[in-house]
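So the protein sequences, as listed, match chains A and B. Going by the working numbering, the first sequence wraps up at 261, each residue one higher than the last. Going by the working numbering, the second sequence wraps up at 420, each residue one higher than the last.
Bear in mind the hints are in silico, worked out from the structure with no lab data behind them. Small disclaimer: the values here were computed from a predicted structure and weren't measured. Misleading hints may appear alongside valid ones.
Computed list of lysine-lysine pairs in DSBU-like fashion (alpha-carbon distance at most 30 Å, straight line) [stated by the list, open to error]:
hint: 1; chain 1: A; residue 1: Lys205; chain 2: A; residue 2: Lys161
hint: 2; chain 1: B; residue 1: Lys350; chain 2: A; residue 2: Lys128
hint: 3; chain 1: B; residue 1: Lys132; chain 2: A; residue 2: Lys161
hint: 4; chain 1: B; residue 1: Lys336; chain 2: B; residue 2: Lys350
hint: 5; chain 1: B; residue 1: Lys131; chain 2: B; residue 2: Lys117
hint: 6; chain 1: B; residue 1: Lys128; chain 2: A; residue 2: Lys214
hint: 7; chain 1: B; residue 1: Lys209; chain 2: A; residue 2: Lys161
hint: 8; chain 1: A; residue 1: Lys66; chain 2: B; residue 2: Lys360
hint: 9; chain 1: B; residue 1: Lys216; chain 2: A; residue 2: Lys128
hint: 10; chain 1: B; residue 1: Lys368; chain 2: A; residue 2: Lys67
hint: 11; chain 1: A; residue 1: Lys123; chain 2: B; residue 2: Lys368
hint: 12; chain 1: A; residue 1: Lys235; chain 2: B; residue 2: Lys79
hint: 13; chain 1: A; residue 1: Lys164; chain 2: B; residue 2: Lys32
hint: 14; chain 1: A; residue 1: Lys223; chain 2: B; residue 2: Lys79
hint: 15; chain 1: B; residue 1: Lys360; chain 2: A; residue 2: Lys29
hint: 16; chain 1: B; residue 1: Lys32; chain 2: A; residue 2: Lys214
hint: 17; chain 1: B; residue 1: Lys350; chain 2: A; residue 2: Lys67
hint: 18; chain 1: A; residue 1: Lys164; chain 2: B; residue 2: Lys205
hint: 19; chain 1: B; residue 1: Lys132; chain 2: A; residue 2: Lys164
hint: 20; chain 1: A; residue 1: Lys32; chain 2: A; residue 2: Lys55
hint: 21; chain 1: A; residue 1: Lys227; chain 2: A; residue 2: Lys214
hint: 22; chain 1: B; residue 1: Lys128; chain 2: A; residue 2: Lys223
hint: 23; chain 1: A; residue 1: Lys235; chain 2: B; residue 2: Lys236
hint: 24; chain 1: A; residue 1: Lys67; chain 2: B; residue 2: Lys360
hint: 25; chain 1: B; residue 1: Lys350; chain 2: A; residue 2: Lys123
hint: 26; chain 1: B; residue 1: Lys336; chain 2: A; residue 2: Lys67
hint: 27; chain 1: A; residue 1: Lys128; chain 2: A; residue 2: Lys66
hint: 28; chain 1: A; residue 1: Lys128; chain 2: A; residue 2: Lys223
hint: 29; chain 1: B; residue 1: Lys212; chain 2: B; residue 2: Lys32
hint: 30; chain 1: A; residue 1: Lys255; chain 2: A; residue 2: Lys205
hint: 31; chain 1: A; residue 1: Lys161; chain 2: B; residue 2: Lys35
hint: 32; chain 1: A; residue 1: Lys250; chain 2: A; residue 2: Lys223
hint: 33; chain 1: A; residue 1: Lys214; chain 2: B; residue 2: Lys132
hint: 34; chain 1: B; residue 1: Lys128; chain 2: A; residue 2: Lys164
hint: 35; chain 1: B; residue 1: Lys208; chain 2: A; residue 2: Lys164
hint: 36; chain 1: A; residue 1: Lys66; chain 2: B; residue 2: Lys368
hint: 37; chain 1: A; residue 1: Lys214; chain 2: B; residue 2: Lys35
hint: 38; chain 1: B; residue 1: Lys216; chain 2: B; residue 2: Lys188
hint: 39; chain 1: A; residue 1: Lys164; chain 2: A; residue 2: Lys214
Below, each chain spelled out in residue letters.
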Amino acid sequence: MRITYLFDGSMEGLLCAVFESFERKAKQVKVELLQHHQPDAFTESMQIHNDSKKAGRVWSALQKKLSPAWIRKFYCCFLSERPDAYTSLYEFCHYLFTHPAGAEDNYGNEHVLLIAQMARKVEREKHRMEAFIRFQESQDGLFYCGIDPDFNVLPLIMKHFKDRYASQRWLIYDINRNYGLFYDEVSVEEVHLDFETQKRLQKIPINAQASKEQLYAVLWKDYFKSTNIVARKNTKLHTQHVPKRYWKYLTEKQIDSFG
Amino acid sequence: MSERIREKLSILADAAKYDVSCSSSGSNRKNEKGGLGNGHTSGICHTYTEDGRCVSLLKILLTNHCIFDCAYCVSRKSNDIERAAFTVEEVVELTMNFYRRNYIEGLFLSSGIFKNADFTMERLLKVVKKLRLEERYNGYIHLKTIPGASEELIREAGMYADRMSINLEMPTESGLKLLAPEKSHKEVIQPLAYVQRQIIQFKEEKKLIKSVPKFVPAGQSTQMVIGATPETDKEIMHTANEFYRNFGLRRVYYSGYVPISNDNRLPIIGSQPPLIRENRLYQTDWLMRFYGFHVNELLNDANPHLDIDIDPKLSWALRNLQFFPVDINVASYKMIMRVPGIGINSAKKIVQARQYGKLRIDQLQKIGVAYNRAKHFIKCADSPYQLKEYQSTQIKSFILAESQSKYLKNDTSQLILF
Ligand code: SF4
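Please model the entire structure based on the sequences and the hints provided.
This is how it looks when you write it as structure tokens:
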């Protein structure tokens with residue numbers, strides 16, 4: 003009998019779905035986000051209730067079977083938030099728990115492959131955010147940047163920014179997922195901003211700070227222009243490295259407003 | 003003040019851009035409490051120039067004043083251009099403010115020679131010391147070693163820099179003598195060797211005493227200008243190979259000469275920089291460093307030049323059909339890496355996956371093998387039976403025909419590694 007498990011989009015929920023299916027010896031299960039579910043008359047569905055104990059048991063079973071690098075792939079794939087990724091993660095757990103050690107290396111298995119490939123995409127997006135974030139310093143010395151990444155990469159980029167910008171306060175905000183990371187020179191915390199605050203932070207302040215902020219933006223744009231070697235122009239390669247959808251982040255790609 | 007600094011930046015960034023080294027990798031310098039910045043082991047490209055090169059460092063000259071007159075260089079004494087010089091403070095301010103905004107991974111600082119080598123090296127040293135000691139900056143620093151500077155200065159600079167480099171400029175001594183009679187390869191080799199010895203010594207000491215500071219943790223690199231003088235690809239890559247071996251270099255950069263001078267010893271202004279050739283040299287460099295090829299396999303007396311129309315791995319395979327077809331399900335990892343159309347990542351996945359059953363074409367494709375290229379060189383579980391063996395010229399024309407359409411749509415200078 004086919005059945006759809008509905009979970010809330012959290013890792014805990016997904017792991018509980020795995021737990022339930024083993025406990026109930028359920029076959030032919032589909033996992034789906036509760037929010038996206040459209041009931042139909044032919045498949046039964048069941049809502050998964052989160053239970054940190056059950057999730058914890060599945061997670062430690064995974065950790066026993068997988069190397070840290072593979073755990074990371076699993077997590078990255080999860081952060082893609084794609085329906086097919088959820089399906090593959092679910093199926094992968096079943097595959098892993100019913101096969102001898104080392105099964106995760108079998109790239110001939112479609113779920114193993116999908117997770118590996120999806121994880122790479124997520125890692126790439128993480129890397130891009132680390133590269134393309136451009137902070138703007140506000141009046142009170144907060145370095146702000148709003149982003150809207152393809153995948154939910156904030157949890158992945160946190161460590162990088164915390165280590166690197168240890169001596170300045172910063173805030174990176176995921177505009178679409180509506181949460182951000184705020185660092186106060188001690189620790190990072192998750193924050194939610196209302197729309198007004200977001201807009202205020204995005205705007206360049208009008209005071210002494212403003213001219214400094216603009217000066218560095220202009221100097222950076224100048225720099226970007228002067229590093230270009232016209233004789234070597236290659237727009238195709240350029241957009242391959244910096245796809246157009248990322249240009250909105252980049253100070254050097256904004257139209258001059260000064261000078 | 004802001005106008006003057008803009009002017010300086012544009013002059014001194016412009017003069018520095020012909021040094022193509024952009025890498026910010028190889029340093030694992032950690033940030034400390036209250037400090038700013040760290041090294042990223044694999045480097046980060048923060049943006050790309052419109053010619054597609056990575057921008058990760060603020061790459062500038064301290065000054066473009068120079069007492070020398072190297073024909074291939076925009077800063078040469080006899081060139082009639084605007085000159086400028088940054089103060090130490092200006093470089094520090096720029097670096098810190100760019101870094102804080104996540105524009106850059108760090109600083110690449112070079113300089114024309116003003117007065118003499120030691121005077122110049124001392125100024126460079128002042129900048130890096132101020133950054134590290136006063137600003138507590140732990141981001142990446144790539145510093146030029148000034149040929150002829152004293153060993154004490156070079157050694158001190160190495161305590162603060164992540165990478166140091168000196169450019170060979172021309173691949174052969176005779177080429178260099180032609181364009182820069184005052185210079186010699188020896189001038190480059192001496193400090194390269196000195197820094198290399200220090201790196202080894204510091205590493206040895208660090209094994210015994212943990213508190214020994216880092217010394218040039220990202221190693222050394224060099225650059226050769228390609229196409230200004232008539233060297234063959236073989237000469238270029240054999241020189242590169244020697245420098246990799248003798249001085250433990252992390253990278254050799256190949257910079258296609260961009261005509262900047264009416265000097266009749268050089269290609270005329272307006273001629274195209276040799277971009278495809280440059281790319282083929284980089285591919286060869288990769289094959290030597292990561293794919294286990296010996297330079298002699300790729301370039302030798304019988305083949306002193308790389309093919310322009312196909313990449314060096316494919317040319318090697320076509321010259322050595324006796325090694326093919328490779329059976330994907332039994333061949334060694336080393337051999338699989340040598341197959342055109344299979345990169346390191348795919349090769350790794352193949353050897354892992356084949357433990358679970360013989361691999362088929364569709365699995366290879368999913369793994370990421372460029373099957374249309376690789377199919378001429380491999381056998382797998384469901385390879386179609388081939389009636390006759392093709393000659394290398396036939397295979398080449400098949401592959402070219404297939405990639406032709408792709409090739410033509412793109413710019414003629416599409417530059418990809420495999
Ligand atoms: S010494 Fe350096 S800066 Fe001066 S002309 Fe020669 S290459 Fe250029």
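Do the hints match the structure? See the list:
1. At roughly 27 Å between alpha-carbon atoms, Lys205/A and Lys161/A fall within 30 Å of each other, so this suggested pair holds.
2. A C-alpha spacing of about 23 Å is found between Lys350/B and Lys128/A, which places the hinted pair at or below 30 Å, so the restraint holds.
3. In summary, the hint linking Lys132/B to Lys161/A is supported, as the alpha carbons are separated by about 27 Å, within the 30 Å threshold.
4. Straight-line distance between C-alpha atoms of Lys336/B and Lys350/B comes to about 10 Å, which keeps the hinted pair within the 30 Å bound.
5. A distance of roughly 21 Å separates the Cα atoms of Lys131/B and Lys117/B; the hinted pair therefore holds under the 30 Å criterion.
6. With a C-alpha separation of about 25 Å, the suggested pairing of Lys128/B with Lys214/A holds against the 30 Å cut-off.
7. Under the criterion of a C-alpha separation no larger than 30 Å, the hint pairing Lys209/B with Lys161/A is consistent with the structure, at around 28 Å.
8. With a C-alpha separation of about 28 Å, the suggested pairing of Lys66/A with Lys360/B holds against the 30 Å cut-off.
9. Between Lys216/B and Lys128/A, the direct Cα distance comes to roughly 29 Å. Compliance with the 30 Å bound is thereby established for this hinted pair.
10. For the proposed pair Lys368/B and Lys67/A, the alpha carbon gap of about 25 Å is at most 30 Å, so the pair holds.
11. Between the alpha carbons of Lys123/A and Lys368/B the distance comes to roughly 15 Å, so the proposed pair stays at or under 30 Å and holds.
12. Taken as a hint, the Lys235/A and Lys79/B pair is honoured in the structure, with Cα atoms around 28 Å apart against an allowance of 30 Å.
13. Proximity of Lys164/A to Lys32/B is assessed by CA-CA distance (about 12 Å); at most 30 Å being required, the pair is judged to hold.
14. Annotation: proposed proximity of Lys223/A to Lys79/B holds, straight-line Cα distance about 29 Å (limit 30 Å).
15. A distance of roughly 28 Å separates the Cα atoms of Lys360/B and Lys29/A; the hinted pair therefore holds under the 30 Å criterion.
16. The straight-line distance between the Cα atoms of Lys32/B and Lys214/A is roughly 29 Å, inside the 30 Å bound, and the hint therefore holds.
17. Of the supplied pair hints, the one linking Lys350/B and Lys67/A holds, its CA atoms being roughly 20 Å apart against a limit of 30 Å.
18. Distance hint between Lys164/A and Lys205/B is fulfilled; the C-alpha atoms sit about 29 Å from each other, no more than 30 Å.
19. Only pairs whose Cα atoms come within 30 Å are accepted, and Lys132/B paired with Lys164/A is accepted, the gap being roughly 24 Å.
20. Restraint check for Lys32/A and Lys55/A: the C-alpha separation of about 22 Å stays at or below 30 Å, so the hint holds.
21. Under the criterion of a C-alpha separation no larger than 30 Å, the hint pairing Lys227/A with Lys214/A is consistent with the structure, at around 20 Å.
22. Restraint check: the Cα-Cα separation between Lys128/B and Lys223/A comes to about 27 Å, which is no more than 30 Å; the hinted pair holds.
23. Annotation: proposed proximity of Lys235/A to Lys236/B holds, straight-line Cα distance about 28 Å (limit 30 Å).
24. Taken as a hint, the Lys67/A and Lys360/B pair is honoured in the structure, with Cα atoms around 24 Å apart against an allowance of 30 Å.
25. For the suggested pair Lys350/B and Lys123/A, the alpha carbons sit about 18 Å apart, so the restraint of at most 30 Å is met.
26. Between Lys336/B and Lys67/A the alpha-carbon distance is near 29 Å, which keeps this suggested pair within the 30 Å criterion.
27. Only pairs whose Cα atoms come within 30 Å are accepted, and Lys128/A paired with Lys66/A is accepted, the gap being roughly 26 Å.
28. As the CA atoms of Lys128/A and Lys223/A are separated by approximately 24 Å, the hinted pair is consistent with the 30 Å bound.
29. Between Lys212/B and Lys32/B, the direct Cα distance comes to roughly 15 Å. Compliance with the 30 Å bound is thereby established for this hinted pair.
30. Pair hint Lys255/A plus Lys205/A holds up; C-alpha atoms about 17 Å apart against a cutoff of 30 Å.
31. Between Lys161/A and Lys35/B the alpha-carbon distance is near 15 Å, which keeps this suggested pair within the 30 Å criterion.
32. Simply put, Lys250/A and Lys223/A have alpha-carbon atoms about 14 Å apart, close enough for the 30 Å limit, and the pair holds.
33. The hinted pair formed by Lys214/A and Lys132/B meets the criterion: a straight-line CA distance of about 22 Å does not exceed 30 Å.
34. Taking the CA atoms of Lys128/B and Lys164/A, the gap is about 29 Å. The hint holds against a cut of 30 Å.
35. Restraint check for Lys208/B and Lys164/A: the C-alpha separation of about 28 Å stays at or below 30 Å, so the hint holds.
36. Taking the CA atoms of Lys66/A and Lys368/B, the gap is about 28 Å. The hint holds against a cut of 30 Å.
37. Straight-line distance between C-alpha atoms of Lys214/A and Lys35/B comes to about 26 Å, which keeps the hinted pair within the 30 Å bound.
38. Under the criterion of a C-alpha separation no larger than 30 Å, the hint pairing Lys216/B with Lys188/B is consistent with the structure, at around 27 Å.
39. Our distance criterion of 30 Å between C-alpha atoms is met by Lys164/A and Lys214/A, whose separation comes to about 24 Å.
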